[in-house]
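Taken in order, these protein sequences are the chains called S and G.
Per my numbering, the first sequence runs over residues 10 to 164.
Per my numbering, the second sequence runs over residues 39 to 211.
No wet-lab data here; the hints were simulated from the structure.
Using N, Cα and C, we set each Cβ at its ideal position, and we do this for glycine too.
Be aware that a few hints might be false.
[Unchecked claim] Below, a list of computed lysine to any residue pairs in the SDA-like style, where the Cα atoms sit at most 20 Å apart:
#	chain 1	residue 1	chain 2	residue 2
1	S	Lys125	G	Lys63
2	G	Lys88	G	Gln61
3	G	Lys191	G	Gly160
4	S	Lys36	G	Ser77
5	S	Lys72	G	Ala178
6	S	Lys72	G	Lys97
7	G	Lys64	S	Lys36
8	G	Lys191	G	Ala178
[Claimed, not checked] Here are a few chain G residues that face chain S, going by a calculated C-beta distance under 7 Å:
#	residue
9	Leu75
10	Ile95
11	Val98
12	Lys106
13	Arg108
14	Phe110
15	Ala112
16	Gly140
17	Cys152
18	Leu196
19	Ser198
20	Glu201
21	Leu202
22	Lys204
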Amino acid sequence: MHLDNIDRRLLNLVQENFPLEPEPYRKLGGILGVGEDEVLARLKRLQDEGVIRRLGAVFDSRKLGYSGTLCAMHVEPDRVDEVADVINSFPGVTHNYLREHQINMWFTVLAESRDKLGEILGLIRERTGIEEIMELPSEEVFKIRVNFDTETSAY
Amino acid sequence: MIFHFRMERQSQLNEVCKIITEQDKKIILTLQNGMPLVSRPFQAIAEKLKMTEDELINKVRSFITDGKIRRFGATVRHFDLGFAANAMVVWDVPEEKVSETGRIMAGFKEVSHCYRRPRHPGWPYNLFTVIHGQSREYCADIAKRLSRATGIKNYSLLYSTAELKKSSMRYFE
Numbered sequence: 010m011h012l013d014n015i016d017r018r019l020l021n022l023v024q025e026n027f028p029l030e031p032e033p034y035r036k037l038g039g040i041l042g043v044g045e046d047e048v049l050a051r052l053k054r055l056q057d058e059g060v061i062r063r064l065g066a067v068f069d070s071r072k073l074g075y076s077g078t079l080c081a082m083h084v085e086p087d088r089v090d091e092v093a094d095v096i097n098s099f100p101g102v103t104h105n106y107l108r109e110h111q112i113n114m115w116f117t118v119l120a121e122s123r124d125k126l127g128e129i130l131g132l133i134r135e136r137t138g139i140e141e142i143m144e145l146p147s148e149e150v151f152k153i154r155v156n157f158d159t160e161t162s163a164y
Numbered sequence: 039m040i041f042h043f044r045m046e047r048q049s050q051l052n053e054v055c056k057i058i059t060e061q062d063k064k065i066i067l068t069l070q071n072g073m074p075l076v077s078r079p080f081q082a083i084a085e086k087l088k089m090t091e092d093e094l095i096n097k098v099r100s101f102i103t104d105g106k107i108r109r110f111g112a113t114v115r116h117f118d119l120g121f122a123a124n125a126m127v128v129w130d131v132p133e134e135k136v137s138e139t140g141r142i143m144a145g146f147k148e149v150s151h152c153y154r155r156p157r158h159p160g161w162p163y164n165l166f167t168v169i170h171g172q173s174r175e176y177c178a179d180i181a182k183r184l185s186r187a188t189g190i191k192n193y194s195l196l197y198s199t200a201e202l203k204k205s206s207m208r209y210f211e
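Full structure from sequences and hints, please.
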C-alpha cells in the first residue's frame with residue numbers, strides 16, 4: 010500500500026509516543042498539523058490495511074507471571090502445513106516461522122505457568138508424533154527492539 | 039524504543055505475580071482489545087471497567103512504570119513496510135564471552151533482538167540475533183560485520199521463508 014509522508018510520521022508517533030491523555034488523537038493531530046478526524050481516519054485505514062497490527066498496550070509476559078520459550082523442530086517438508094495447523098491452534102503460540110535449515114519450524118509459546126507450558130509442548134508432541142522439540146528459553150536478554158523507523162526505511 | 043535488561047530470578051517473578059490483583063487482570067483483559075478510534079478512547083474503556091478516565095490513565099502509567107506494559111503504542115507489520123528479509127543468526131560463543139559478545143551485537147542498529155539461549159546436543163549455538171533488512175545479501179553482510187566485531191566465527195544464518203503465525207498474546211483469558 011502507499012504511505013504518504015503524514016502516514017509515516019503518524020506511524021512513528023503512535024509507535025513511540027501514544028499520548029496518555031484524554032484526547033490522544035487530537036494531540037497527535039496538533040503535532041502533525043491535521044485535525045483529529047483526519048488522524049482517526051488515517052489510523053482506521055492503516056489498521057484496515059494491516060499496517061498497524063495492534064494499537065495499545067504491549068505487555069511484558071514475564072512481568073505478568075507468564076512463562077515462555079522459543080521452540081524449534083524438524084518437520085518433513087510434506088508435513089509442514091499439517092504440523093503448523095496443530096502448533097498454531099494453541100493461543101499461546103504467538104509466532105511461528107518456517108526457516109531454511111534442517112531444523113525448520115520455529116515458534117514461541119507463552120503460558121500462565123511452567124506446568125502449563127510443559128502441557129502444551131506435550132500435546133504438540135502427542136498430536137504431531139514429533140518427539141524432538143528443542144526448547145530455547147531466553148537466559149539473558151541483550152536487546153528487544155519492538156518497532157522500526159518507518160520514515161527512513163526503504164520501500 | 040530499546041530495552042536492555044537481565045532476566046530476573048524466578049523468586050522475584052513470583053513476587054511480581056502476587057501483586058497482580060483481580061482488578062488489574064480485568065484492566066489488562068480490556069486493554070488488550072486495543073485503543074478504540076474515538077475521540078476519548080480512555081474514557082470509552084474506563085466506562086466498561088467502571089472507572090474514571092483519570093483512574094485508567096494513571097493505571098496505565100503505573101503499569102508502564104512497573105514494567106507490566108513494555109510499550110504503549112502501535113505494533114506495525116514490518117513485512118508490509120519493506121523489510122523483505124528476516125534472518126535469525128545464531129552464534130557459538132564461549133560461555134565466558136557470551137555477555138560481552140551479546141552487548142556488542144546489541145549495539146548494532148541492524149540487530150532487532152539479541153538473546154542468550156541454551157545449547158542442545160547437535161545445536162552448539164547459544165547466542166541468537168535477529169536482523170531485518172531489505173535483502174538476504176544485506177543480512178549476510180551485517181552478520182559478517184558482527185563476526186568481525188566480536189571475533190565469533192562459528193555462526194549460521196537461518197532465513198525465514200514463511201510466516202506461519204503472528205499474533206498478539208491474550209493474557210488472563
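Worksheet item: What hints, given by number in increasing order, does this structure fail?
Response: 5, 7
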